[in-house]
Amino acid sequence: MEFVQKFITTFQFIVEGLWVTIGVTVVALAVGFVLGILAGVARVYGNKFLAGIGTTYSVVVRAVPVIVIIFILFFVISSLVDLTAFWAGSLALGFASGAYQTEIFRGALRSVSGGQMTAASAIGMSRWQAIRHIILPQALRLALPAWGNEATLVLKDSTLVFAVGVPEVLRRAEYVKARTFDPFFAYSVALLLYLALTLVTTQVLRQAENRYRLRL
Amino acid sequence: MKKVSGVLILLVVTAMVLGACTAVQPGAVPAAPAATTSGDEAVAPAASDGQMAKVKAAGKLVAGTSADYPPYESVDADGKFVGYDMDLIRAIGEKLGVEVEIQDMPFDSLIAAVQQGKIDVIIAAMQATPERDEQVDFTIEYRPTKDAFLGKGDSTLTIAKPEDAGGKTIGAQTGTVQEKWIQDNLVATGLTSADQVSSYERADQAALDVASGRIELMLIDAEPAISLAENNGLKVLLLTSDTTKGGKSIALPNGSDLKAEIDKIIAEFQADGTIQKIQEANGLP
Amino acid sequence: MTNSEAAKTQPIVRLEDIYKAFGVTEVLKGVSLSLMPQEVVVLVGPSGTGKSTLLRCVNLLSRPDKGRIWLEELEITAPGVNEDKVRQRVGMVFQEFNLFTHLTALENVMIGMTKVLKMDKRAAHAKALEELERVGLANRADHYPAQLSGGQKQRVAIARALGMDPHVMLFDEPTSALDPELTGEVLAVMQKLAFEGMTMMVVSHEMGFAREVADRVVFMEGGYIVEAGPPEQMFDHPQVDRTRVSQ
Ligand SMILES: Nc1ncnc2c1ncn2[C@@H]1O[C@H](COP(=O)(O)OP(=O)(O)O)[C@@H](O)[C@H]1O
Ligand SMILES: [Mg+2]
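Residue numbers (my numbering), protein chains in the order written: chain V, 1 to 216; chain C, 1 to 285; chain A, 1 to 247.
Bear in mind the hints are in silico, worked out from the structure with no lab data behind them. What you are looking at is a predicted structure, and each value in this text was computed from that prediction instead of being measured. Just so you know, not all the hints are guaranteed correct.
What the hints assert, rightly or not - Here are some of the chain C residues that sit facing chain V, going by a computed Cβ distance under 10 Å:
{"id": "1", "residue": "Ala67"}
{"id": "2", "residue": "Gln103"}
{"id": "3", "residue": "Met105"}
Yeah, the Cβ is synthetic: ideal placement off N, Cα and C, and Gly gets one too.
Make a model of the complete structure from these sequences and hints.
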């Protein structure tokens, strides 16, 4: 009984960090999505200059630990623009995720058969129209499984934004641990929350995959 | 319109990539933000220029801490920041006539944050080491570090000053500053012979040996000493800051004009017993 | 209509001395060819001779190294000509269908109308259904390419090209990827188009189709047109021996 009571109290305290974790993850995934698509398209279909930018972004950012990107964005970029910790952390995480998403979308864009671009050109679509209306929609569907994996990785990386002071689930677990000197309950609750989030995310993406699967 | 925003995003991306390159290039990958932004003096003066005016104008003092270190700073079950440091900084805020907002972040991020003006001050049981002193300014110590000499519960030894421990069997934890103090001040001076000193992997092992009478004394940081003494039926024979260096200070951006003000308030609190009250309220020796 | 002399005054497509090389491989070595309105030309010849390349030059999917091409009154090889606008007027059907896999049959036909011709959705929807009707597939409008047989896919591809109201249709071996029992339905659609007066340039090995539908058969080999003429002459009295062989 005491066990249950303790668990509930701990849960109620830590769960308040859930929205922060979800918020950071969603913002980061969205930002990474936009960057990943831009850089992915630039790499596959851009001219030398754009492809160069896309490649540099992806290679450099993936070579640097995410935590370093977060620090740089928070401490360097945000000395120019006034960002809150939440936004700096989320944007930085998104900036990092964008590099990984670049690779995901690049692979997906490449696996769309060349005939699709030819057929789109043949009905008079410009290159950009073809990319936007024909190639990208197919690439996005092809990218879904890998993207789902990235989503769960970003969810876990969302713990890193505490580096700039965003108290997400794991940090709230640490508060409990520091206060109670009992890591077991604190981390068990955190584990359950992350597990639940991952399961929900995976489930939602699986539905999306089934719904939008490309029948080839 | 679409095209313009596309170009804009690309520009931002480029700026970020370039920013990332230039910032990462010098030296190895930084392990802590302090390293990332060290040598960033250009920003620090701007942040500290008239910090007092800035804080007063904002009506609020943003204090950075790392809230996982009770009893100095932690978060209670209601989500409130509590502890010695929190009580102290709120009292200081009251004196300054501003509200205090606590910003929690990892200890390693605090110095960079105060340099960049993300927070106004650091209060995190931080010691003013020379390396840190180059990055930030420290106030006077608001709390000295203390050590404790522990003896058996029924010990009749009187240790009025640290040197009184000379000639007694004594233990300390391996590699601690306390062990070093024993070697430098008791053994090297000949007060104690080398074989009277025992070195322990863990503090609780030393406590067990004191309890069983195998050694007469142990020297340990005062904070864990209290509960250690309680749990093992030991007696605190002396609490002293004579064996230690570097107490806890509040950190500010280099050159901040707020330092003098906070120094004054701390001195006042030490004189009028405020510090003493805060210390007791948080169960600190 | 087929015999209206007035309509035949100006060629729909005119190729003049076209050269094209890929690296060191010279593929087209001076090809000239005209298509009159409503004319059906069937290109035959061994594989690797440059038939596809020639076809792709007509809608500038391939740019000739030398030579000029006119589409009606417009010289499309002239500098500054908008390729996308040219391609809107030239329908093309590929051996591998190349239907957009993420779109239904109807959406495949609609997308060029809405995105390229900027027709409004409702009008495009109606027209796309008409085009599907024209190839006999209105009842498959909501099927995805993966749910269609090869013959059906190719008919949707034809409808997609027709939806743009092309002035000429290019077919690059439209039945080569099909099982033999499925070629008939595609050829029937093409024959119907020809009958309706569509100008067509067809690369095909279907000699029956060439014989029945072509106004002219053009035999290519080694980057040249080696012989051209009405099908009866080409198949029954060939000047070049190979023509008979490929029958
Ligand atoms: N994009 C290309 N790059 C390099 N070589 C090509 C390309 N397209 C065609 N070729 C070559 O040109 C020659 C003619 O090809 P093609 O026009 O497809 O002939 P056909 O359609 O008569 O079989 C072939 O040798 C082929 O390998
Ligand atoms: Mg071919």
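- Message: Hint compliance check: list the failing hint numbers for this structure, sorted ascending.
- Response: none
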